[in-house]
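Residue numbers (my numbering), protein chains in the order written: chain A, 1 to 273; chain B, 1 to 436; chain C, 1 to 323.
FYI, nobody ran anything at the bench for these hints, they're computed from the structure. Cβ coordinates follow ideal geometry from the N, Cα and C atoms, glycine included. Heads up, none of these hints are tricks.
In silico negatives: residues of chain B with every beta carbon more than 12 Å from chain C: (1) Phe47; (2) Phe56; (3) Ala59; (4) Glu128; (5) Lys154; (6) Gly230; (7) Gln287; (8) Ala363; (9) Arg387.
Think about it this way: if two alpha-carbon atoms lie no more than 27 Å apart in a straight line, the pair counts; the simulated DSS-like pairs of lysine-lysine are: (10) Lys63(B) <-> Lys70(A); (11) Lys197(C) <-> Lys273(A); (12) Lys388(B) <-> Lys309(B); (13) Lys136(B) <-> Lys332(B); (14) Lys63(B) <-> Lys114(B); (15) Lys71(C) <-> Lys229(B); (16) Lys436(B) <-> Lys71(C).
Here is what each chain is made of, one letter per residue.
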Amino acid sequence: MARLAGRAMVVVVLAGGAVVMILPFYWMLVTAVSPAPEITAFPPRWVPSRIVWDHFREAWTTAPWPVYYKNSAVVAVVSVGCSMFFGLFAGYAFAVYSFPLQTPLFLLILGTLMVPVQVTSVALYVLLARWGLVDTYTGILAPNLASAFAVFLIRQAIRSIPIDLVDAARMDGAGEVRIVLGIVAPLIKPVLAAVAMILFLNSWNDFLWPVIVINSEHMRTLPVGIALFKDPYGFINYGPLMAATVIAVAPMLAAYALSQRFMIRGVALTGMK
Amino acid sequence: MGRPPWWGVLLVLLLLVAGLPGAFAQPKTTITIWYPAGDITASAFHFRDPTLFLPFEVAHNVKVEPVALVYDTMQQKIFAAAAARDVADILFVDQSWVPGFLKEDMLEPVDPAKARRWLDSVSPEMVELSDYGGGKMFGYPQYGIDVYGITWNKAHFREAGLDPERPPQTWDELRDYAKRLTVRDAAGNITRVGYAIRHVGHPHGVVHKHLWAIWAAGADLVDNPLALKGGQPKFNNPAGRAALKLVHDMIYVDRSTSLAFPDPRAAFLRGIASMQISETVSIRARQPREAPGMPWGTGWGTALPPVPKAGMRPVTNLNAWMYTVPRQARNKELAWRLIEWVNSEIKDYELAKRFEATPRFKANWAKEPFKSDSYAQTLLKMYPYGRKYPINLGLNGIMDALGAAIQNAWHNRMSIEEALALADRQARQAILDAAK
Amino acid sequence: MTLPSSPAGRLAPRLSRGATPGAGGGVSRVLRRAYRRHYFHAYLFVAPVLIAFGLFRVWPAVQTLYFSLFKVELLRGQLTFVGLQNFADLVGDAIFRQAFVNTVIYAAVIVPVAAGLGLGLAVLCHEPFRGREVLKAIYFAPMVTSTVAAAMVWWWLYNPQYGLFNVFLRLLHLPTSSWLLSSTMALPSIILFSVWKTLGYNMVIYLAGLQGVPQEFYEVATLDGAGAWQRFWRITLPLLAPVTAFILIYNGIFAFQVFDQVFVLTGGGPANSTNVVVLELYRQAFQRYRFGYASAQAMVLFLLILGITLLQFRVSRRYEVTY
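The whole structure should be built from the sequences, with the hints applied where relevant.
Shown next, in the form of structure tokens:
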């Protein structure tokens with residue numbers, strides 16, 4: 001009996017916490033669709049008296065959201081694509097082959113985790129400026145064409161699969177590339193999916209490097225676009241601002257709602273954030 | 001059984017990455033203009049009007065592309081882009097940034113003959129803003145110059161039993177009025193401030209919004225504001241301390257202003273601040289849309305900022321946004337042609353009239369509607385008291401230092417004395433560095 | 001084209017776990033050719049990653065160290081050697097010191113608080129009940145949202161006049177706060193946001209860790225008469241120690257790199273009360289245009305991260321022994 005009451009208490013506490021966690025999202029939505037006077041009403045209106053789309057209209061016309069989306073998508077797809085493709089082969093090489101400098105090279109790759117772009121941004125910027133790559137897709141992508149995490153996790157995954165499968169394929173005369181793409185990759189699909197998902201999330205939400213390297217409006221990614229949408233001091237237009245935020249986060253949240261088990265498991269599996 | 005051409009896949013991917021910048025390069029006949037987004041300068045949103053440059057575009061078969069940048073990061077983007085040789089052809093910049101750009105030798109000078117012609121035909125305050133010594137110019141100031149004034153809400157004045165046609169003239173009056181205008185809720189929280197201050201964000205903005213007091217008290221940013229190099233900071237003195245103390249007292253003694261109202265103009269337009277001092281042109285432009293019930297004349301008024309003691313000469317900021325061409329621009333010639341076109345006497349009249357701003361050419365002041373427009377005439381009377389920002393090449397560093405001092409003092413992180421002493425040291429260093 | 005790769009292929013994985021290629025003498029010509037082939041493949045396969053990292057990670061890292069010894073004037077294309085002057089300037093720079101202290105405070109608060117809350121939630125969430133997956137998803141949701149967008153929402157919540165935080169205080173007839181506009185409340189406000197943002201991550205990692213704790217331990221303990229509280233302290237916490245070590249260190253490394261939320265919520269203000277190392281570095285480089293000086297600051301950040309990473313090696317080695 002006491003145990004049951006204890007469980008009930010636990011659920012109540014967790015649910016209460018969840019309400020607090022979700023409140024910012026809820027308030028974002030309410031602000032985005034409330035008529036302007038209700039946004040600043042006191043006491044607050046938890047449910048708008050009617051739904052208005054004015055804020056969305058204003059947010060949509062003030063900034064080129066489709067352009068931001070396109071940029072974010074291009075950057076995410078290319079960076080995830082390259083990171084996964086390169087990471088798969090590098091992970092395979094480190095897991096299966098033995099070659100001179102193997103360990104130093106592997107440590108070098110892992111070592112880059114210690115020098116994030118926060119540290120190297122200045123020098124990287126200078127380098128890209130000399131090459132005229134500032135404010136280009138290549139410039140945004142440069143530090144994200146490969147991922148040490150991807151190499152590491154893929155190597156771990158490949159080491160855990162039975163090597164006989166690879167050998168059997170070699171007996172059958174399959175080339176190395178075919179083995180990687182046709183045999184190894186399908187075997188570690190869950191890891192690949194999880195890593196790709198997290199790399200995609202990171203790229204999609206990346207801010208520091210894009211805000212440094214992007215100048216023009218037509219190159220802005222979503223986070224940069226939304227950050228620059230905010231009028232630094234104005235505290236009047238919260239309706240359009242929240243509408244803009246909804247525009248920026250809605251697809252990701254929708255994807256999350258549809259696949260949250262997969263995404264959460266991916267994080268638990270890889271430990272990446 | 002064909003092996004997949006793995007090297008081919010690799011090659012294609014690499015080429016794809018390498019080829020991206022080329023594929024998305026801009027067409028060459030575009031003239032780009034960078035301007036600040038938002039309401040920071042009222043005249044900047046004119047660039048959003050697609051018809052603005054249309055006649056020029058047609059006549060010269062080019063495309064003019066205005067790009068909005070954020071005020072707070074705009075200087076940074078300009079520096080960064082100039083280094084990358086990827087800067088806009090025209091920079092529409094705050095005049096108080098110009099010394100910083102000059103320090104890096106980044107701006108093209110205006111052709112001397114054209115500069116002379118300009119200085120001869122514009123009104124005196126424009127001459128003062130344009131001239132960087134001996135008739136040398138680095139750009140053209142925009143119409144509708146930023147003159148700072150105190151703006152007050154006449155309804156609030158009436159409510160508080162004050163004369164709605166008479167703004168505070170002295171610092172004592174400012175404090176007294178502000179106290180009377182402040183409104184609190186039952187719990188004692190301020191819901192409306194008598195006077196709104198700016199204390200966060202870009203240090204230039206913080207300094208700009210309080211310079212009226214610093215200047216009126218007799219302090220200044222540097223001792224010789226018209227010299228490009230050298231000199232000493234001139235705010236770590238009794239006058240500077242008095243200017244910072246004025247607002248400090250309003251925050252902590254009178255409780256007639258608050259750190260919780262960070263944007264004076266927005267607060268004023270929203271009706272949660274009764275007075276504020278900043279660019280009047282901004283209130284003029286935003287009021288019809290944001291505060292339709294508070295029209296110019298009957299709803300709000302503007303005047304010169306108050307002075308420490310009755311009988312002293314008022315002083316206020318005179319600033320402009322400038323059309324400049326960076327040395328790294330790609331289409332310099334076309335850029336200058338566009339600037340000269342948009343700053344011609346005819347365009348000055350046309351655009352100032354259309355956007356309800358003040359003109360620059362003497363000839364245009366003699367025409368309607370400016371001749372008898374009460375707002376324009378009010379500004380014209382304020383212009384002679386305007387003072388422009390120093391042109392010292394170390395201005396950025398000086399502004400940063402003083403802006404930090406203002407924040408440190410008002411947030412009680414340091415005493416006013418400590419804050420100004422620290423800023424004095426930093427400003428000295430900035431002046432020294434800039435003179436190298 | 002078919003046969004030669006097979007025997008070497010069978011050897012290669014074993015070799016990669018310790019043995020030296022070619023050891024043991026009688027390696028046939030075919031096999032040796034195969035090794036060469038695999039060297040070729042090995043280097044080919046790691047080359048793209050090495051090139052990408054070499055160019056855009058390692059080389060800039062080396063350059064950062066180099067620049068930190070120079071006055072860098074990018075616009076004029078000039079490098080002037082100044083020795084350790086940049087580092088000497090750092091020591092006397094009150095603003096950098098403030099940014100450093102703020103960063104350390106931020107990390108010292110956010111890391112244990114978010115880890116503790118994450119652990120608590122994970123323990124409560126461990127036993128199945130209806131709606132558990134939904135709750136988990138809700139707690140994790142801030143993690144998938146971009147920091148910038150989420151911070152935008154919180155910027156609105158923190159608004160002193162109309163934001164929800166002050167609205168609640170007003171409803172309770174309590175004095176309101178200026179939150180992000182107060183030099184004392186701004187840093188705690190940012191920390192609060194970050195806790196909200198990272199809580200779900202820690203919870204998920206702890207939940208994964210809890211799955212590895214054998215149920216029998218609890219059963220035995222319960223038979224011994226241990227209460228829930230004791231079970232937590234005696235079993236859960238010690239067994240989760242490696243997970244905790246991972247969370248603390250991993251979050252610590254991220255905490256020292258905090259930027260996005262500070263940029264959006266306060267821009268480092270008011271009066272530098274929320275300035276952090278990465279923001280200060282960003283300003284020095286891209287606003288003041290002092291690339292050399294900013295590089296010196298980047299080196300300090302690197303040393304911080306290096307310190308934590310070395311700590312990680314020590315700690316994880318200890319747990320390897322225990323397990």
